[in-house]
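Undergrad: Keeping their order, the protein sequence lines are chains W and S. The opening residue of the first sequence carries number 5 in our numbering; numbering runs sequentially from there. The opening residue of the second sequence carries number 1005 in our numbering; numbering runs sequentially from there.
Treat the hints with caution; some may be incorrect.
Claimed, not checked - Covered stretches of chain W, going by a simulated chain S footprint (3 or more residues, C-beta under 8 Å): (1) 40-51; (2) 102-113.
Claimed, not checked - Result set (DSSO-like, lysine-lysine): computed pairs, CA atoms no more than 27 Å apart in a straight line: (3) W:Lys106 x W:Lys61; (4) S:Lys1074 x W:Lys106; (5) W:Lys17 x S:Lys1074.
Keep in mind the hints are simulated off the structure, nothing from the lab. Every residue, glycine too, gets a C-beta built ideally from N, C-alpha and C.
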Amino acid sequence: KAGVTQTPRYLIKTRGQQVTLSCSPISGHRSVSWYQQTPGQGLQFLFEYFSETQRNKGNFPGRFSGRQFSNSRSEMNVSTLELGDSALYLCASSLDGDRGEKLFFGSGTQLSVL
Amino acid sequence: TQLLEQSPQFLSIQEGENLTVYCNSSSVFSSLQWYRQEPGEGPVLLVTVVTGGEVKKLKRLTFQFGDARKDSSLHITAAQTGDTGLYLCAGAGSYIPTFGRGTSLIVHP
Chain W
5 KAGVTQTPRY LIKTRGQQVT LSCSPISGHR SVSWYQQTPG QGLQFLFEYF SETQRNKGNF
65 PGRFSGRQFS NSRSEMNVST LELGDSALYL CASSLDGDRG EKLFFGSGTQ LSVL
Chain S
1005 TQLLEQSPQF LSIQEGENLT VYCNSSSVFS SLQWYRQEPG EGPVLLVTVV TGGEVKKLKR
1065 LTFQFGDARK DSSLHITAAQ TGDTGLYLCA GAGSYIPTFG RGTSLIVHP
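I would like the entire structure built from these sequences, with the hints used as guidance.
TA: Written out as structure tokens, the structure is:
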């Protein structure tokens, strides 16, 4: 069974640009969640999608958005990039997104904002 | 907001040594998970503990959940270079899992 696939692996953008990251969950998994990881703040929850609906959201500004398609694939968009958005963005999938359920993470997209 | 504090933040040891890392909170969690993340990869689940006082063993790794379900520890016996990585604990209380900032472990040959 293929794991969680995130593309691209690396991205370099400049301030003010926007970026779209993609995540393909494990087949059969309906929940996809996104995290931002930085050395200073650790792993912070962005949002979670289930059956094409955003079910939970973390404390990030509206510049961070996402969506989920009918095949459970998900995209995350960041508009008007800031230097502080440089981070590793991780996507995780699980069967139903139930509390405490095992999360399967992708390898992440390393975003650098110059 | 539920917070998880992990200690130590960094640990550098020689192969063969034992070590313990801690995950503490003032909040009660219904379950707690430990993940290991290697450079350039996403975290991989090692174990989930659910019952207060529970102890789980995974080869040389021993995980314990505190009686009050507010804290947990991970003990590694006879560390190997392959144990190098970032160890993260994650608590399930509210729906959104809370992650600690991790313990970065380096095991030198």
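Undergrad: Now, for every hint given, state plainly whether the structure supports it.
TA: Each hint tested on the structure:
| no. | hint | result |
| --- | --- | --- |
| 1 | 40-51 | holds (count 5) |
| 2 | 102-113 | holds (count 9) |
| 3 | W:Lys106 x W:Lys61 | holds (19 Å) |
| 4 | S:Lys1074 x W:Lys106 | holds (19 Å) |
| 5 | W:Lys17 x S:Lys1074 | violated (41 Å) |
Checked against the numbered hints given earlier, the structure breaks only hint 5 and satisfies all the rest.
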